[in-house]
Structures are given as structure tokens and as C-alpha cells.
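Please model the entire structure based on the sequences and the hints provided.
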Amino acid sequence: MSHSSASRIQEFIGDPVSDSPPVKREQLEEIFQDIQGDLRFDHELNGCLNCGICTATCPAAHYYDFSPREIVQLLWTENLEGIYDAMQEKIWSCAQCYTCAARCPFGNSPGGLVMLMRETAIKHGMESAKAVLRPFSRVMLKLISTGNQLSPDMINPEGFADWGPNISKVDAPLELLRKAIPMPTLHTTKTAWEVNLKTSVELYTIWEETGVLDSLETIDENLFDVILDIMDEKRDDYEDWMDEQD
Amino acid sequence: MAGNGGEKFTGHGSEWVDANLSKQDAHTATVWVDQIVNKRSMLTNKDRVEDVRDVMWELEKDGEILVHRVTDEHEPVTVKTLYGWDKKIPTTQLWHHKSCGQCGNIPGYPASLLWLMNKMDVKYLDETDQTSCTAWNYHGSGIGNIESLAAVFLRNFHQAYVSAKAQGLPDGYFYPLVHCGTSFGNYKEVRGYLLHSAKLRDRVKTILGKLGRLVDGKLLIPEEVVHYSEWVHVMRNRIKEHQVIDCSNIRATVHPACHVYKMVPEDAIYDDDILEGNRVAVTTGILETLGTQVIDYSTWYDCCGFGFRHIISEREFTRSFAIDRKLRVAQEEARADMMVGHDTGCITTLDKNQWIGAAVGKPVELPVLADIQFAALVCGAHPYKIVQSHWHASPTEQLMDKLGIDWQAKKAEFELYLKDVEAGRGETLYDPRLMITSGPGFKAVESKPND
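In order, the protein sequence lines correspond to chains D and L. Numbered per our numbering, the first sequence finishes at 907, counting up by one with no gaps. Numbered per our numbering, the second sequence finishes at 475, counting up by one with no gaps.
Don't take every hint at face value.
[Stated by the list, open to error] Pairs of lysine-lysine, DSSO-like flavour, derived with a Cα cap of 27 Å:
#1 895(D) - 264(L)
#2 784(D) - 223(L)
#3 895(D) - 189(L)
#4 85(L) - 840(D)
#5 234(L) - 859(D)
#6 264(L) - 409(L)
#7 229(L) - 840(D)
#8 859(D) - 147(L)
#9 830(D) - 386(L)
#10 851(D) - 467(L)
#11 443(L) - 851(D)
#12 434(L) - 830(D)
#13 435(L) - 830(D)
#14 85(L) - 234(L)
[Said to hold, decoys possible] So, partial list: chain L residues that the calculated Cβ filter (under 8 Å) puts toward chain D:
#15 68
#16 109
#17 331
#18 337
#19 439
These are computed hints drawn from the structure, not numbers from a lab. Model, not experiment: these values are computed from the prediction. Beta carbons are placed, not taken as given, at the ideal position from N, Cα and C, and that holds for glycine.
Written out as C-alpha cells, the structure reads:
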């Protein structure tokens, strides 16, 4: 993204002196209303005196141009342009540790507010969200299709070269090492534990009923298609099993 | 700001001028906010925080919900939380709410817990009818929402409630024990929203109804959301009875997990006898009881750097934070022999992000284990069969040397044992037939769990 001929404000929100900004005020308002409309908003934002305690203990603030105080201030003052700007990059810096929430004298939860902004960024199909989440797609595939976020076969030297050579200090096939775990539910490689087919089918209903699949489609259509195929297949398997019981 | 024609968008007004303070002066000026997240710092809100369990009992009285109680048959131990409130920790008849990160990546974590439970004749169930809490993905990606998180919470806890039916035992026999710190924090937060919002309850009730997961047409809410580290804490003296290895020479540093004591902080356990009641008591309690030297370090309250998304796709942040703010501090300030935690993401982050430090001239070598793995180890658990230390990238061998454990011999034993496993003669901690409670693969087993 080039910054050579335009400031960040101009690039993302439009030139404030122009008559036709690229992002219309109605859209900015819609975005803010989506954030504000979440039932958690009033619980997580109670006021702010700019004391900065949240930023002082924020791990992300050590490494990024990110300040939970700024996030709270933007939302508290309903700074629509600033909110939109923060949703392009800054909200993805937050490490979600909730140290800010534990410290805030007002009982705000900047980390929780960041989540409302992330959800809204996805709902609006923001390019920033798509770009940030692209490397996370394998995790989303695993979670939504199996109900497990992490699986043993994901932890390999190719995927995590910076973790060094000791992914396992015993040299044996993954399948065998997993069978050597004394919990029978863990004798798996593609999921963290064996998930009952019935459980997966129930989870799919939750994804559908709560709009999670819609969010996924907005952010990554290909991934959405793959997951739908997996869901159809597992539902068919479950129906076959149900038929066998009759 | 270079490249932007001097324009700044930092949240400061145009009148902002850098004070150019020296490092020392800047520290003096800001130290009042750069405080640790201890009990005292969190007491400021005490008068404004309500106990959501009061709302819960009212809702049950009004016929809105049903509460899954911690009963006498769960043999609870009562502890004090941040504001001195009581919390009941069940100690037996436990339903293991597993952690995807632990089971996928640190399998010795849950295996050590079950091994110790067997030692103490604690009844439990580990089954396949459970999803992860989905909160790791949620916090990392924003895919998910309050309704999906609430529905998953209620589904899994309902399953815990009815799971004993498969063995001919009554509803509510097993009580859920949550392994992951993020699941624990997330479920407590979601429980609060469910209790406060009739709208959320209505929406989720429709979904749970479709799943057949209501009890008498009502949502089932747990009386307490309980983390395994809380179970370890209340069982620490009983665990000590099984200790066979002296660990008084071990200098331990504790990494308290953010989602365990910073999310819904009023529910975290504090104990006047542990660090003068000024810090969360879990993990430190068991380490002190077992006789280790718990050593302080200045960044104990910092997060580990996990970041949920960062550990997968923005790892420079994760490893820099883990090395610079946690591991090196523990090594240099505390001269620690190990760092011990009680959460999935923290153990993974701190354990895996050491090797890369050498590449940038910051070598760190600090064994990292979960509290329950260390407890199992000093109670005589096999370091490879049970503690599964081979999955740890950090030098756990150093720690075992210091504990007097001949890890080379144990490792050789384990490598031989793999031949038994290959031949289908692997050992398990419980009867595998119990792990399927309904649906495909279910066969009724008439014995009680762990009998």
C-alpha cells in the first residue's frame, strides 16, 4: 500500500477537504453502529479520562503503533474517521491479553472493544481483515470443520521452522507417538482429540444459526466453499449412521 | 513522521511536543501507571462489581434457567476469590473439558492431570463428545460472535451434565473441569453476558433447543466455571502426599496466565498464605507446597506474547515478547531453573520460542512446563510415557538432571515401549470404551468410570 502521494487519512477515508470522500459518512456511521449495537459495547466502554494505564501495560504497545487508550478514546468520542482508520491495521495488533481490562479504573475493556471492531471489519468485508486473516485460514478451516483449532499434524518443521529442530525429541512417526499418549481420545493426528461425528454436526448447526458461516463467506469465499463441502460430507455420514439405527 | 509530509496520526493533537526526557526521568514520570497487575491494583473496582452468581440464582428462582450445581458428591473445597467471595471447587466426578492446544501440542499436560487423578482415586470422564471452546480462533481472527461463543459454551456444558447417562448414572453426576485458560476466561465472560442479557438467552435458547440441549426447556448454566489449576490448588496437599522426588533445589518462576486472572478477575483465587494474598494463588500454591523455591521477576504480570493470531501469522512479535519480556528476565533476574504456567497458549509460546533466540544473539534455555506436569514429575510420573516431555522444545532435560531423574534411561524405556504401542499393547489411563457416550461407536458400559 503506497503512502507516497497521500496521507493515511486521505488514502483510507478520503481527503477531508474533498466533496466526495471515498468512504461515505453513511458507511462510517453504519460501521460505528455495528460496533455500538453489540450488546457488549455498553459493558465494555464506561468512560475514559485518558489516564493511559491501559497502554502502559499493553504488550502490543511495546512493538506496534497501537494504543488501547486511543481505541477507547476513538469509540468514546465517536470519532468515525479515526475508528475506520484504526480498523485498517491497528486493531489487529492487539494480543488479546486483557491486561488493559484488568487495570482500567473505569472498568473498560479495550481488548473486548477491539474484538467488536474486528468482528465488524469482517462483517464489512474490509480488505484489511482479508489480508490479515489470509495466513490464519488453515486454523479457521480446522476449527470450523472439526471443532478443534489445533491438530498434531499442523505442528511440523516446515510450518514452524523458527521453533527449531525439537518438534519432538523422540524420532518416531507422528501416528505412533500419538498412540503412545495414554489418553485414548488423543490417538489422532488430524484433530487434537477424536471428535464424535454427532458433535461435529451439532457444531455446524451453531455456525449456521449464529451467522459465523456468513462471516467466513465474506472474508474468504474459497475457504467457505471448502468448509461447506466438508460439512455436507459429515452430515451425510451422520444421516447414514442414523438410517442404520432404524 | 517520515514519508507522510510531517503529518502525524498518533492520537496526539498538533500541539504535542516531545518532552525529550532521559530514560530515567521518563521511568520516574510514568512508573505510577507501569504497575503490576496485583490484587491491590484490581481492588479499585470492588464496589462497582457485582457477583453474577446472584443474578444466576434469581434467574433460576424465576424459572428462566437451571443451574448445574456443585453438590456434596463432587466433594467441593471452598476458596476465596479476589474480593473475598467464596468459590466452590469440585474435586471428584469431573468431566474433562479438554484444550485443543494442549491435546494437539502438549499432550503431557492433560495426561499428567489424569495420571494424578488416578493416583488419588478421583472419578472422571474423558470423552469424544466435546468441541473446543472456539475462543482461540475468535480472539485471533474475529470469526465468531457472542452468540456462537455462548452456544458452544452451553452445548459443551450440557454434554457434561448428561454424559454420565451412558453409564447409567444420573444427570449432573459429572461436573465440567476446564483445562484451557482461554476457555476458562471466555466461558466466564460469556456466562456473565448470558445472565445479564435476556435477548442473548432467547437467541441462544432457540439454537440449543434445535440441538436438544435444553433441560426441562431451560438453558443450563454452571454454578461455577472451574479451571484445572483451581483443582490442583485445592488438591495441593493431597498431591504432596504422593511426592517422591525432592525439588527444594529448584528455582521456579511462575507465569500467571492472562485469561485465568485478568479476564473476569473477580473470580480468580487469592490466598492470604500465598504471596501474602497479593497475587493469583494457583500454580504458586502447588509449587510452594511441593517445596520449590518460587522466585520473583519483574515482568511476572506480562503476557507471554501468544497473541492468538500472532503465534500463527505474526511470530516476530510473539517470539520477541516471549524472549525479551519473559524468558530472559526469568533467566537473568531470577536465575530460574524453570518457568511454570497454567495455560495452553503460554506454555506453547514460552516453550517453543527459545531456539530462535540464538539466531539474534539472545540465547535462552529455560525449561517450560505446566504446573500439573511438574507435579506429576515429582510424584514419580514417567517423564516420557506420562509427562510426554519429548514434545517440549525447551531443555526439560536440564530440569530432570537437577531433579536427579535419569532421563536418558527413561527415554530409552519409552523408545522400547513404542514397540509395544506399535503391537497394540499401549497403556491407557482409563477404559477406552468409556470415551464414546453416544452416537457412532457408542456401546454401553455398565461399570462406573475409573472402576
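Now for the hints, and whether the structure bears them out:
Of the pairs offered as hints, the one joining residue 895(D) and residue 264(L) is violated, with about 46 Å between alpha carbons and a cut-off of 27 Å exceeded. This hinted pair checks out: residue 784(D) and residue 223(L) have alpha carbons roughly 21 Å apart, not beyond 27 Å. The hinted pair formed by residue 895(D) and residue 189(L) meets the criterion: a straight-line CA distance of about 25 Å does not exceed 27 Å. The straight-line distance between the Cα atoms of residue 85(L) and residue 840(D) is roughly 48 Å, outside the 27 Å bound, and the hint therefore fails.
About 13 Å separates the Cα atoms of residue 234(L) and residue 859(D), which keeps this hinted pair within 27 Å; it holds. Restraint check: the Cα-Cα separation between residue 264(L) and residue 409(L) comes to about 21 Å, which is no more than 27 Å; the hinted pair holds. Taking the CA atoms of residue 229(L) and residue 840(D), the gap is near 39 Å; set against the 27 Å cutoff, the hint is violated. For a cut-off of 27 Å, the pair hint linking residue 859(D) to residue 147(L) stands: about 25 Å separates their Cα positions.
Pair hint residue 830(D) plus residue 386(L) holds up; C-alpha atoms about 23 Å apart against a cutoff of 27 Å. Distance restraint check for residue 851(D) and residue 467(L): the Cα-Cα separation of roughly 24 Å lies within the 27 Å cut-off, and the hinted pair is therefore satisfied. A C-alpha spacing of about 23 Å is found between residue 443(L) and residue 851(D), which places the hinted pair at or below 27 Å, so the restraint holds. In summary, the hint linking residue 434(L) to residue 830(D) is supported, as the alpha carbons are separated by about 13 Å, within the 27 Å threshold.
Taken as a hint, the residue 435(L) and residue 830(D) pair is honoured in the structure, with Cα atoms around 9 Å apart against an allowance of 27 Å. About 25 Å separates the Cα atoms of residue 85(L) and residue 234(L), which keeps this hinted pair within 27 Å; it holds. Look at residue 68(L): its Cβ gets to within about 6 Å of chain D, closer than 8 Å, so that hint holds up. Given hint, residue 109(L) at the interface with chain D, is violated; its Cβ is 17 Å from that chain's nearest Cβ, farther than 8 Å.
Annotation: residue 331(L) was flagged as interfacial toward chain D, and the flag holds, the nearest CB pair being 4 Å apart, inside 8 Å. Given hint, residue 337(L) at the interface with chain D, holds; its Cβ is 4 Å from that chain's nearest Cβ, closer than 8 Å. This hint holds: residue 439(L) has a C-beta 6 Å from the nearest C-beta of chain D, less than the 8 Å allowed.
Hints 1, 4, 7 and 16 from the earlier list are contradicted by this structure; the remaining hints agree with it.
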